[in-house]
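Given chain A, put chain B with the ligands in place with the hints provided.
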Amino acid sequence: MLDVTAQDAPLVQMSEIYKHFGGIHAVEGVSVDLYPGEVVGVLGHNGAGKSCLMRILSGAMLPSGGKIYVNGEAADLRSPQDAKHYGIETIYQTLALANHLDAAQNLFLGRELKTRFGNLDEARMHAEAQEALRQLNPNFKNLKDPVAKLSGGQRQVIAIARAIYFQAKVLIMDEPTAALGPSETAMVADLTLRLKNEGIGIFLISHDMHDVFDLCDRVMVMNKGRNVGSFRIEDVNKDDILSLIIKGTLPDGWTPRGASK
Amino acid sequence: MSDNQSSTDMRLRPSGSGLRFLPSGSSLHRLSALLTLLLLIFAFSFTSPAFFTMNNGLTVLLQTSVIGLLAIGMTMVIITGGIDLSVGSVLALSGVVAGLTIKAGVPVLPAMGLGIVAGAFCGFLNGLVITKMRITPFVATLGMMMIARGVALQLTGAAPISRLGDMFGKLGNGSFFRVVEMQANGFPKVIFPGIPYPAVLLIVMALFGAFLLQRRQIGRHIFSVGSNEEAARLSGVNVDRTKIWAYTASGALAGLAGMVLMSRLVTVQPNEGVMYELDAIAASVIGGASLMGGVGSISGSMIGAFIIGVLRNGLNMAGTSAFIQQIIIGVVVIGAVYIDQVRNRN
Ligand SMILES: Nc1ncnc2c1ncn2[C@@H]1O[C@H](COP(=O)(O)OP(=O)(O)OP(=O)(O)O)[C@@H](O)[C@H]1O
Ligand SMILES: [Mg+2]
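Going line by line, the protein sequences match chains A and B.
Residues 1 to 261 in my numbering are what the first sequence spells out, letter by letter.
Residues 262 to 607 in my numbering are what the second sequence spells out, letter by letter.
With the rest of the complex left out, here is chain B:
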């Protein structure tokens, strides 16, 4: 007691007075990630003139949308202190379910809905295995990664499903505000390529995800479970239900990402999406999510997804080989986490 006596007064003084206007903690991380992204865009604009163009910007947006959708769910799962290795495979299985349903004569929209439900169901199973069977998330979702891929390949005999109709390609290839002008010579000229549906979808889902995490009870519970599961339980948080919710959301978003990707290809490829889970994890981690749980944000993960997308796209344009790209992205992931840790230690 007497030991506490002297230090109590000092400890109770208000902290951080004066420096409050400086960003701290996670917002600082997001700021540095955003700066990194801008720097990358700046650098690539110099190395290849075609990089900083409207068309290429939209391409990046389109390419990033799939990883971005996966990263939204992944971030929620990572904040609970878990991981979801199954999203790449679930994406493929959802596509297969949608493709087969269309082939069975169901219209595109309900079929796509069923594909997303299939993804959500896979996520729900992940949640059940993790909470009720008490299997660690790594192992449970590793299992689901193999199971979902196996089911997808088994259902299709590993063959792509094509000729799904024009309507199936709309989600992945359509865009808002596309302006095309007929020229005098009879050829159409694209004045504004439009904002691709997938990009709009990504923005809508990211805003919705951020709203759930920041403004709703479920989000608060997701953070509390990842921060201190026992404290959350003792406070009356239904820990199992919270985790199941997060994995189900991740599965559903993987399903949605599957719809976008397969629609863009206008074909269902049962072997699509391999290793996408790693890109999604990398996006979350670059964006400041902690694999220890309790920390992370959708906005950060979106920046992370775009860092990966811009890196891929820019390196491609600069003629860097796919192998070197892997190496660079690997270094970026480690570097992002290392910088964050160094900063936290100070």
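Next comes chain A alone, as it looks inside the complex:
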């Protein structure tokens, strides 16, 4: 991988990643890569280790073993700040919002805008947050409420807005539409494609097969912590993926299906 030209180097390459919690093997030697302008689906049953793998890339969790390369260079992601420096932004499954703070305060948490004197620039943060949130949901009005008072969907919109506001190069979306209604889900799908076309690489964790087939260029299926298959989306159909997710193997006699989706 190191001898290819920079242009072709994967944006992210995770190689032989392990994560153990005592006796629990959450991630077992998983390798996956991501190129600019593509959406890679990370699929698997509950507890398969998808979130753990992605949290390792977010710098939120230290791997027990394995290497991560960003733009072909080894990257040591020891904290979420490290990952953000590499342009890796994450929408966490848990959303990671501070309940007592409002939307703007959450959006800029850890990266507050400041005035000339180093004070918090609330006015600018509020205006920018309003703009960012309106793009995702034109109805978003209660910007000054603590996020504890907001609905699950509104909270999710804040988490998404935060990830895209800071111009990610790599975007990790861990079940980003779990709490969203259909119109918001469609909005996030549009957004995903727009970001992809801007050349951003996206890891998408989803249990929704429609989303997966509509948005992903490739899929990687995890089963009990292992990577049990990476495919171009044209080469598999829904039954193949379900078989991988549930049994960890492809159906008997499987051959690449080409573009016969």
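Just so you know, not all the hints are guaranteed correct.
[Claimed, not checked] SDA-like cross-link-like pairs, simulated, lysine to any residue; straight-line CA separation at most 20 Å:
1. Lys114(A) with Arg476(B)
2. Lys431(B) with Pro454(B)
3. Lys114(A) with Pro454(B)
4. Lys84(A) with Asn499(B)
5. Lys149(A) with Ser287(B)
6. Lys224(A) with Ser31(A)
7. Lys84(A) with Gln478(B)
8. Lys114(A) with Lys431(B)
9. Lys114(A) with Arg477(B)
10. Lys364(B) with Gly418(B)
11. Lys144(A) with Asn499(B)
12. Lys114(A) with Phe472(B)
13. Lys169(A) with Gly497(B)
14. Lys149(A) with Ser288(B)
15. Lys144(A) with Gly418(B)
Simulated from the structure, these hints should not be mistaken for lab results.
Same frame as chain A, but now just chain B with the ligands:
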């Protein structure tokens, strides 16, 4: 999904339209605390005529300044979701450090500075133990409470340090705008007792603390850590540094409170400040700080400190015994938190 479908539109409607001008949440709590304070002052003015006088007002201000200073730091720590049980002992140790330094021949001001630094260092150690050794704040600061008291008593042999000079008494006993008039009979008459230095110091520190909490990044991070530590970490907040900062500030303010208290006595008492941490916690909690973290304000805690100060002073004047005072303040603390919880449930 289909379940969400119907409710999404309803959920996304703007909330609170129309009733926005009413105070909500924490500001409502502060308002009710302020009303309580005014009611107390009103009631005590009736029970004892000497209560509502300029002199007594200044006395209350003076008495409350020590608890108030402690409560500023305590509030910051409580907002991070922690607690600082060591402030009473750290106050004493800081006084001892300052006293011994003066005895060693250092001028008063730098010696007092060193005392405050000693307090800040104790707080810094609290922060290190809590973040690096992962000991809960309750246990870590309980340990520091014993250690600091032990060091203070050991250094002095449990004896007070006196004869520290006039200068040492300035901070605790001096005042601005004091007006004294010489009378014809040769005796001085105090026309205006002046605004005590400790009261001015309290106001300055409270304003500064509120500024840090509300307008600076560190304040925002303190709230976020107490609100959801994991979210703060994932957002890129340096959680350990934020906590260490809060405990160091609490220690430094305990040191400053120690200077004020010892200066007022013009003596360093190594066994001063016992149980002050409880008054500081009570002030914060009455003022609306939540021990769960993420909620609290300096202004609320100042009102809380004055509620305690006015209660003590007023009950004293009404001749209530110290034991009954304890009981009443205990009931007030529980009542304040209970009312807040009932309100939050609705
Ligand atoms: N902090 C932790 N400590 C201990 N075990 C953990 C921790 N985080 C995850 N695990 C375990 O690791 C395994 C993988 O969890 P992970 O959250 O990655 O699953 P997932 O694929 O994201 O599932 P889901 O689809 O439900 O989100 C699970 O068995 C889980 O119990
Ligand atoms: Mg998950």
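Hints and how they fare:
Between Lys114(A) and Arg476(B), the direct Cα distance comes to roughly 10 Å. Compliance with the 20 Å bound is thereby established for this hinted pair. Of the pairs offered as hints, the one joining Lys431(B) and Pro454(B) holds, with about 15 Å between alpha carbons and a cut-off of 20 Å not exceeded. Taken as a hint, the Lys114(A) and Pro454(B) pair is broken in the structure, with Cα atoms around 43 Å apart against an allowance of 20 Å. Among the hinted pairs, Lys84(A) with Asn499(B) is consistent with the structure: their alpha-carbon atoms are about 14 Å apart, no more than 20 Å.
Under the criterion of a C-alpha separation no larger than 20 Å, the hint pairing Lys149(A) with Ser287(B) is consistent with the structure, at around 14 Å. Under the criterion of a C-alpha separation no larger than 20 Å, the hint pairing Lys224(A) with Ser31(A) is consistent with the structure, at around 14 Å. Taken as a hint, the Lys84(A) and Gln478(B) pair is honoured in the structure, with Cα atoms around 19 Å apart against an allowance of 20 Å. For the proposed pair Lys114(A) and Lys431(B), the alpha carbon gap of about 39 Å is over 20 Å, so the pair is violated.
At most 20 Å may separate the alpha-carbon atoms for a hinted pair to count; Lys114(A) and Arg477(B) meet this at roughly 9 Å. Of the pairs offered as hints, the one joining Lys364(B) and Gly418(B) holds, with about 15 Å between alpha carbons and a cut-off of 20 Å not exceeded. At most 20 Å may separate the alpha-carbon atoms for a hinted pair to count; Lys144(A) and Asn499(B) exceed this at roughly 25 Å. Proposed proximity of Lys114(A) and Phe472(B) is supported: the alpha carbons are some 14 Å apart, at most 20 Å.
Simply put, Lys169(A) and Gly497(B) have alpha-carbon atoms about 17 Å apart, close enough for the 20 Å limit, and the pair holds. Pair hint Lys149(A) plus Ser288(B) holds up; C-alpha atoms about 17 Å apart against a cutoff of 20 Å. Straight-line distance between C-alpha atoms of Lys144(A) and Gly418(B) comes to about 56 Å, which puts the hinted pair past the 20 Å bound.
In summary, the numbered hints that this structure violates are 3, 8, 11, 15.
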